[in-house]
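Trainee: Residue strings, one per chain:
Number of protein chains: 4
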Amino acid sequence: MSEREDLVLAYRILAARGVVDAYGHVSLRTAKNPNRYLLARAMAPELVTADDILEFDLDSNPVKDTQVALYLERYIHGEIFKSRSEIKAVVHNHSPSVIPFGVTTVPLRPLFNTGAFIGEGVPTFEIRDFQESGDLIIKTPYLGHSLATTLGAKPAALMRGHGAVVVGESLMLAVVRSVYLELSAKLQMQAMLIAGPDANIVYLDDAEVAAISGRQAFAGTWKRTWDLWCIKARAQIEMEQRAKRPKASFPVKAGADRRRSRVG
Amino acid sequence: MSEREDLVLAYRILAARGVVDAYGHVSLRTAKNPNRYLLARAMAPELVTADDILEFDLDSNPVKDTQVALYLERYIHGEIFKSRSEIKAVVHNHSPSVIPFGVTTVPLRPLFNTGAFIGEGVPTFEIRDFQESGDLIIKTPYLGHSLATTLGAKPAALMRGHGAVVVGESLMLAVVRSVYLELSAKLQMQAMLIAGPDANIVYLDDAEVAAISGRQAFAGTWKRTWDLWCIKARAQIEMEQRAKRPKASFPVKAGADRRRSRVG
Amino acid sequence: MSEREDLVLAYRILAARGVVDAYGHVSLRTAKNPNRYLLARAMAPELVTADDILEFDLDSNPVKDTQVALYLERYIHGEIFKSRSEIKAVVHNHSPSVIPFGVTTVPLRPLFNTGAFIGEGVPTFEIRDFQESGDLIIKTPYLGHSLATTLGAKPAALMRGHGAVVVGESLMLAVVRSVYLELSAKLQMQAMLIAGPDANIVYLDDAEVAAISGRQAFAGTWKRTWDLWCIKARAQIEMEQRAKRPKASFPVKAGADRRRSRVG
Amino acid sequence: MSEREDLVLAYRILAARGVVDAYGHVSLRTAKNPNRYLLARAMAPELVTADDILEFDLDSNPVKDTQVALYLERYIHGEIFKSRSEIKAVVHNHSPSVIPFGVTTVPLRPLFNTGAFIGEGVPTFEIRDFQESGDLIIKTPYLGHSLATTLGAKPAALMRGHGAVVVGESLMLAVVRSVYLELSAKLQMQAMLIAGPDANIVYLDDAEVAAISGRQAFAGTWKRTWDLWCIKARAQIEMEQRAKRPKASFPVKAGADRRRSRVG
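Residue numbers (my numbering), protein chains in the order written: chain A, 1 to 264; chain B, 1 to 264; chain C, 1 to 264; chain D, 1 to 264.
Treat the hints loosely; a few may be bogus.
Copies of the same chain are indistinguishable here, so a pair counts whether it falls within one copy or spans any two.
Keeping only pairs whose Cα atoms sit at most 25 angstroms apart, straight-line, the calculated DSS-like set for lysine-lysine is [as the list claims (entries may be wrong)]:
| no. | residue 1 | residue 2 |
| --- | --- | --- |
| 1 | K244 | K232 |
| 2 | K244 | K223 |
| 3 | K223 | K139 |
| 4 | K64 | K32 |
I should point out that these hints are in silico values taken from the structure, not numbers from a laboratory.
Build out the structure end to end from the sequences listed, making use of the hints.
Mentor: Structure below.
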């Protein structure tokens with residue numbers, strides 16, 4: 001129950017910070033069974049409620065029969081959970097500032113304190129190396145496994161022409177890293193712009209990455225951000241609930257209405 | 001009736017996503033008569049209500065006599081509907097990130113999954129090739145027809161020094177493409193910035209465009225975005241209605257007031 | 001009375017569109033006496049109400065004695081009104097995207113339809129040519145007159161290291177031009193970025209500027225934007241008034257409170 | 001008491017203007033004892049209330065015993081207050097546009113009127129020159145003193161790979177400078193982009209900096225901005241208080257709730 005509510009907040013936070021739009025999803029491995037993970041049914045992050053969260057096994061099959069539509073790319077989550085036992089949460093997003101780095105050979109590099117984890121390495125997944133269909137979607141266990149292999153032990157991987165995947169030893173860590181990956185990409189672009197073609201930029205060095213990133217993953221550093229965002233996400237949910245109470249007079253169609261009634 | 005409400009939502013969504021400001025419009029071919037289309041009277045998208053929607057024939061004449069001002073550029077819609085029987089909706093906008101591409105010889109190219117349709121081609125309409133008046137407005141059937149000819153079978157065309165036109169086999173498709181055309185243009189600028197003058201950027205290749213774009217046009221891919229935006233547009237409309245109920249004490253002038261009373 | 005309310009809306013619109021922050025001001029020549037103009041007392045645009053509007057003569061002296069602080073740079077308005085009898089409104093702003101053009105030798109050029117007026121010319125005022133004090137503020141009639149001379153018959157002038165001045169044959173025109181000057185500057189930067197060092201950009205040519213700009217100044221083109229912004233500005237004012245009614249429990253200090261009570 | 005409320009507003013303003021996110025802090029030297037300063041407990045700026053403000057001595061020890069978590073980097077404040085008796089307030093932030101300048105050798109330079117203080121010099125603090133741990137955090141008096149030494153008599157210093165520190169002879173001055181440092185950095189990037197590699201940019205010269213910056217520090221120039229932001233911050237606080245009154249039905253967890261109840 002609590003895990004589902006945490007996951008709802010994670011969805012809302014990612015949407016509120018612009019890291020996901022109508023696409024993208026975040027999963028949480030269950031505490032009581034490491035071979036299960038929670039993920040929403042196929043829907044926009046901003047609309048997810050606790051009732052929309054489903055439980056999956058690591059082959060990404062729903063544990064209970066369901067008629068609702070599922071994310072085609074849920075294999076991203078299952079295959080990473082299989083290959084990384086320490087990972088508790090996975091975010092897949094189309095984070096805007098990250099996409100341009102995914103389509104160039106310019107690597108994301110660690111630029112500032114809160115983006116130090118980037119220094120552990122952010123490889124790029126090239127789907128053309130694993131299939132010839134021309135599709136970019138991770139819609140099979142094989143592609144999910146291939147992405148997990150490219151990710152290896154890193155905190156994040158770019159997906160060329162598509163987006164990124166970000167993982168964490170906690171839900172908080174996966175979400176906070178997603179947000180700071182976006183910010184760091186934006187700042188790196190700006191540093192490259194002002195430094196010019198010679199690009200004399202002082203990135204964090206290996207000692208700095210080692211000193212900072214590991215500590216941030218477990219210490220209270222991110223908690224301050226996470227707590228703030230949770231408070232704001234809850235306030236947003238409450239506002240939606242209040243707005244819903246006086247029945248709308250504008251006619252809404254059945255399909256949308258049904259989904260909408262699940263917002264509260 | 002339902003078509004009019006859908007079109008109102010389309011206007012509101014385009015405004016909320018920053019794809020139109022006070023200018024720009026979106027039309028919908030009617031289901032019962034393919035030789036008719038719906039379009040608002042000349043007004044800002046954010047203010048359009050069902051009462052503001054008029055019906056036009058394909059020569060872009062209003063079907064019923066009316067005293068209200070009409071968009072000078074309604075020929076964009078009529079002439080494209082004439083030349084593309086499969087097209088159900090047309091958006092004309094001054095989408096900000098798209099304008100810079102319209103004035104350079106740098107083509108928009110497909111960069112990521114949700115912008116794959118750009119790979120079908122986005123030609124640029126140069127009005128100087130069709131008239132010598134110096135005006136940039138598509139204010140005659142001839143100019144509308146010329147634009148439709150430049151557009152050809154493509155999903156969108158840039159209009160040099162002006163904006164863009166985006167079409168779809170459904171209203172949803174034309175609106176979603178408009179939003180992702182804007183985003184893709186922004187991301188392409190950023191990719192060009194970080195890739196530098198040598199510009200080593202991996203765009204989607206033809207196989208990828210073929211595999212993705214056609215499927216997206218008809219499958220449920222865009223539905224998730226569309227439903228989200230409709231929910232938000234309806235919430236905005238309801239908020240405006242609530243705000244209106246307690247009569248304002250600030251004196252408003254007659255002209256603005258009349259228009260405003262149509263917001264609800 | 002009506003002129004004062006129009007001017008309040010102009011202040012609010014400029015703030016809402018990001019063209020002014022706490023600085024910047026807009027003036028309106030009075031209809032009944034062309035040797036008088038209206039301008040707020042020295043205050044942030046977002047807070048201006050009809051009670052804050054004062055009347056000045058063309059030497060920029062307040063017509064009635066007053067104890068309130070006046071804008072040091074009011075001479076911008078008075079001196080331009082003196083030299084340009086057809087001008088009815090003057091905006092001075094620190095419009096962010098315009099400032100970078102003011103400090104380089106790269107001229108603003110007309111890029112798209114709604115920015116066509118830029119093609120009439122936007123000269124840059126270099127205050128170093130007129131004084132040696134090192135100050136950048138137009139705090140004397142002489143500096144105001146010098147700026148008016150640089151402006152000449154143009155619709156706008158940049159002020160190096162400071163901001164811009166924008167004029168119009170109507171209040172609407174000065175405000176709308178201010179907003180589109182900002183947008184056009186932003187888009188020109190982007191066009192320069194994607195076009196690269198060779199900068200092959202197709203700007204509007206003289207025929208286009210001639211065909212478009214003059215017409216826009218007087219036809220209904222801008223009315224659609226203006227009306228939309230006025231509606232939104234009025235809604236904002238009403239929202240502030242409603243928020244004020246239930247007396248705040250948070251202790252506010254006397255000085256701020258007094259100013260605040262004038263918001264409504 | 002009044003000092004605490006002023007400091008709360010400063011926290012809120014910095015968050016509202018995007019100069020701090022969940023990190024960053026601002027301190028105020030107490031008027032009655034120049035060897036004391038006020039600073040919040042370790043928490044997100046947006047959530048700070050008067051009850052969260054603690055008093056410290058210049059060694060950055062809390063004057064009263066406390067169980068709450070303290071900012072690890074509070075030495076930034078104490079050491080600068082020690083070395084600069086005229087300074088009354090210190091801001092530490094991760095201001096986004098400033099970070100890229102901190103990692104390049106391109107100096108921030110004064111570009112426009114409200115950023116004139118930058119012309120007094122904004123040095124960059126390279127923590128590698130003072131320790132070998134690889135950490136970037138100012139978590140000892142020694143590092144705080146080193147930063148204060150780099151800052152010298154300047155109004156601000158960048159911290160490589162981290163953020164910035166900004167100081168003022170008043171709380172208002174430190175806050176306003178923080179906001180305009182961010183804006184000026186953004187505009188300088190844009191000026192560099194449009195000026196190109198030859199970078200022919202007219203920065204404020206020494207005479208201009210001398211004429212403007214000193215005057216701005218003490219005259220009423222910044223008061224207009226400060227008053228506006230205080231009014232908006234108070235309105236935001238009042239809105240939060242109103243939103244809190246009808247008890248939320250969404251279950252919130254104890255930890256977050258406790259913190260939240262301190263918002264009002």
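Trainee: Hint by hint, say whether it matches the structure.
Mentor: Hint-by-hint comparison with the structure:
1. In this assembly of identical chains, K244 and K232 lie within 25 angstroms of each other by CA distance both inside one copy and across copies; the values are 18 angstroms within and 12 angstroms between.
2. Taking CA atoms no more than 25 angstroms apart as the test, K244 paired with K223 passes between copies only; the shortest distance there is 23 angstroms, against 31 angstroms inside one copy.
3. Proximity of K223 to K139 under the C-alpha cut-off of 25 angstroms is restricted to the inter-copy arrangement: shortest distance 18 angstroms between copies versus 34 angstroms within a copy.
4. Taking the shortest Cα distances, K64 and K32 sit within 25 angstroms of each other inside one copy (17 angstroms), while across copies they are farther apart (43 angstroms).
When each numbered hint is compared with the structure, no violation occurs for any of them.
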